[in-house]
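Enquirer: Residue strings, one per chain:
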Amino acid sequence: MSKSIDQVFPNAKQWLLSWLAGSPSWAIQVVSILTNIFALLAVFLTLFALISVLERKILARIQNRYGPNRVGPFGLFQPIADGIKMLIKEDIVPARADKIVHFLAPVLIAATAILTLGVIPYGRNMTPFTIDGGILFFFAVGSATELAVFMAGWGSNNKFSMLGAMRAIAQMFSYELPLIITVLPVVMVVGSLTPDRIVAAQAEYTFGLVPRWFVFTPWGAAAFILFFVSGLVESNRTPFDVPEGESEIVAGHMTEYSGFKYATFFMAEYIGMFAISGLGVTLFLGGWHAPARVLEIIPSYVWFFVKLSVLLFVYIWVRGTLPRTRIDQIMNVAWKFMLPMAFTCIIAAAVWHYAGRGLRGWLWSLLVIVIVYTALSILLDTRRKFAQRVYRFAE
Amino acid sequence: MTPTLQIFLIVSAALFSIGLLAALSRRHAIFILIGIEMMLAAANLNFIAFWRFAPKPHQPPVGVMLALFSIAISAAEAAVGLAMVIVAYRHYRTTNVDQLDQLKG
Amino acid sequence: MNGAAFIVISILTLAAALAAATLRKLMHAALSFAVAFVGIAAFFFLLGAEFVGLALVFIYIGAVAVLIVFTILLTRRDIEKDRGFNWSGVIIAVAVFCGLTWAILKTASLSIVAPHIRALTVKRIGEALMTSYVWPLQCIGLLLTAALIGALVLVMEEKR
Chain A
1 MSKSIDQVFP NAKQWLLSWL AGSPSWAIQV VSILTNIFAL LAVFLTLFAL ISVLERKILA
61 RIQNRYGPNR VGPFGLFQPI ADGIKMLIKE DIVPARADKI VHFLAPVLIA ATAILTLGVI
121 PYGRNMTPFT IDGGILFFFA VGSATELAVF MAGWGSNNKF SMLGAMRAIA QMFSYELPLI
181 ITVLPVVMVV GSLTPDRIVA AQAEYTFGLV PRWFVFTPWG AAAFILFFVS GLVESNRTPF
241 DVPEGESEIV AGHMTEYSGF KYATFFMAEY IGMFAISGLG VTLFLGGWHA PARVLEIIPS
301 YVWFFVKLSV LLFVYIWVRG TLPRTRIDQI MNVAWKFMLP MAFTCIIAAA VWHYAGRGLR
361 GWLWSLLVIV IVYTALSILL DTRRKFAQRV YRFAE
Chain B
1 MTPTLQIFLI VSAALFSIGL LAALSRRHAI FILIGIEMML AAANLNFIAF WRFAPKPHQP
61 PVGVMLALFS IAISAAEAAV GLAMVIVAYR HYRTTNVDQL DQLKG
Chain C
1 MNGAAFIVIS ILTLAAALAA ATLRKLMHAA LSFAVAFVGI AAFFFLLGAE FVGLALVFIY
61 IGAVAVLIVF TILLTRRDIE KDRGFNWSGV IIAVAVFCGL TWAILKTASL SIVAPHIRAL
121 TVKRIGEALM TSYVWPLQCI GLLLTAALIG ALVLVMEEKR
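Chains as they are written, first to last, in the numbering used here: chain A, 1 to 395; chain B, 1 to 105; chain C, 1 to 160.
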């Protein structure tokens with residue numbers, strides 16, 4: 001019974017396709033692909049609408065106030081109001097802006113964000129598109145985002161936009177390296193670039209209770225933290241939202257966009273967040289597996305979305321809690337700390353594998369990570385760089 | 001109409017000649033580099049087309065390996081070439097290759 | 001292999017490549033360069049080498065195109081267009097294309113259709129890279145490191 005609830009979406013799609021039993025095979029393929037795409041878009045656009053209002057409410061509660069609570073019960077219909085507002089705003093394009101580039105930038109950024117959603121396994125047999133090099137596809141398409149950000153900044157013919165775009169690109173490509181290198185230990189241990197195989201490799205439970213997710217290994221935990229922080233940077237979220245900091249650079253590369261195009265940028269940022277969180281769940285948190293064997297009656301897609309929601313909540317929590325970092329601090333952390341730690345994770349994963357994957361391997365890889373971490377913190381000591389704090393009061 | 005090897009090779013030859021066009025007729029240094037990158041990509045397409053249409057499959061897949069290494073090399077060469085363009089600009093304040101002629105006899 | 005897909009992809013790629021080679025405005029040409037590489041990656045997908053296609057997108061569009069665009073930004077002096085176009089280049093390019101096409105059409109052994117081969121998985125590429133091609137792999141690593149250091153040293157301004 002729980003199996004049929006678990007497989008309700010693949011079975012529904014099969015039932016839908018059975019209506020076309022007599023058609024040529026290319027027609028069935030096209031309808032199958034279109035069904036996948038519509039389902040994906042429906043789920044994630046609804047999630048985007050929900051998260052946009054939940055984020056405001058959670059941020060508000062962190063700041064000791066209510067969030068939007070007028071439109072609908074508990075303010076949950078706020079996205080409808082926002083959507084109507086965005087749609088009826090006047091679309092202003094600067095007179096000397098490059099029209100084609102200015103128009104295509106939000107399209108490209110939204111397209112790449114939505115494309116990356118296609119390779120993540122959302123449940124048992126529920127991956128929209130199985131590609132052999134799925135993880136590589138994710139990062140290849142995600143790296144096209146930088147070009148789109150540059151197009152937005154340059155196409156607006158505005159110095160703020162250009163500066164914001166250059167900062168955004170500098171930030172994004174310096175954190176792409178830690179992002180990708182922290183994924184390497186997982187790929188190395190599993191031996192495959194396909195997300196389905198990576199999820200299947202985390203299926204066992206030690207003693208039937210503790211799941212064998214990669215986040216419970218020392219290299220996996222370190223890699224997950226680095227991946228999560230790099231994901232924060234890639235999506236331009238606070239504390240790394242220098243490219244869109246309102247107090248500094250107006251809205252960075254999105255300054256000259258109004259109305260629906262701004263909504264597209266906004267949507268692309270959130271969908272990028274979903275994609276990175278989804279990938280983090282797949283690679284480190286066991287994908288759609290349940291945390292304990294007894295809990296497997298709850299369907300797989302429910303577990304995936306629960307884990308995704310936990311990660312998104314941490315994103316929002318971090319946004320409400322931490323102040324913005326400076327651009328040189330961001331770059332320092334990327335090149336001097338995260339890159340060596342990411343390489344250490346690869347070495348620790350190899351040590352874990354070759355010392356047997358049990359307790360011995362766990363302890364040895366923990367030792368490797370702790371040694372490198374202490375060495376890095378001693379070498380990068382910044383305590384002495386701050387001057388003595390001087391308090392001056394008005395006389 | 002299934003494309004034969006000849007059609008792939010003709011497309012790749014067209015791409016190569018467009019890259020040659022960019023490398024020969026553009027006056028901006030960066031676009032000459034773009035032309036070179038396109039020529040390399042056309043050659044990669046040739047490699048992969050020949051690998052695919054080979055009557056007996058090789059083990060290991062030689063054409064694919066060659067194409068991968070060629071992509072890596074061309075990325076390295078693009079980086080160094082663009083660095084040189086920047087340095088030349090700093091010195092001569094122009095990127096028009098017609099004006100970078102100080103060594104002309 | 002799908003004939004319709006091939007025609008669409010080839011038109012896209014050749015049009016974008018032509019745009020990159022001939023457009024006056026610098027930025028438009030650089031961005032059509034990126035589109036041309038999307039087309040070439042699509043060709044690779046059509047030919048069954050998906051890993052190479054994805055590597056192409058990653059390297060060219062994610063890195064080389066951004067490099068080119070940055071370099072255009074850093075080396076402009078309020079000129080937005082490329083001045084001057086050497087028409088003799090067109091003649092040479094057309095001549096080369098005609099020569100190559102004649103040679104291809106003359107070779108009878110090339111008019112074959114694609115045989116059925118095993119799907120090329122990433123696993124096979126990885127095995128080949130680590131066993132038969134490990135020396136070229138290490139040399140490429142050295143080459144990329146040398147290129148990285150070289151490019152940085154070239155561009156670094158000397159401290160006064």
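To be clear, the hints were calculated from the coordinates, so they are not data collected in a lab. Heads up, the beta-carbon is just placed ideally off N, CA and C, and yes, glycines get one too. Watch out, some of these pointers could steer you wrong.
To be verified - In the EDC-like style, the derived pairs of lysine to aspartate or glutamate whose C-alpha atoms are separated by at most 20 Å in a straight line are:
1. C/K25 - B/D98
2. A/K3 - A/E296
3. C/K123 - A/D381
4. C/K123 - A/D132
5. A/K85 - A/E55
6. A/K57 - A/D82
7. A/K3 - A/E269
8. A/K57 - A/E204
9. A/K336 - A/E296
Unchecked claim - Quick list of the computed label-pair ranges, beta carbon to beta carbon:
10. B/Q102 - C/H116: 41 to 51 Å
11. A/F77 - C/E157: 51 to 61 Å
12. C/A119 - A/S2: 33 to 43 Å
13. C/A103 - A/P128: 40 to 50 Å
14. A/L184 - B/H58: 24 to 34 Å
15. A/P128 - C/G126: 23 to 33 Å
16. A/A200 - C/I117: 53 to 63 Å
Unchecked claim - With the C-beta cut set under 7 Å, the calculated list includes, among others, these residues of chain C facing chain B:
17. F44
18. F45
19. W135
20. L144
Enquirer: Any hints from earlier that this structure breaks? Give me their numbers in increasing order, please.
Expert: Per hint list: 3, 7, 8, 9, 10, 16, 18, 19 violated.
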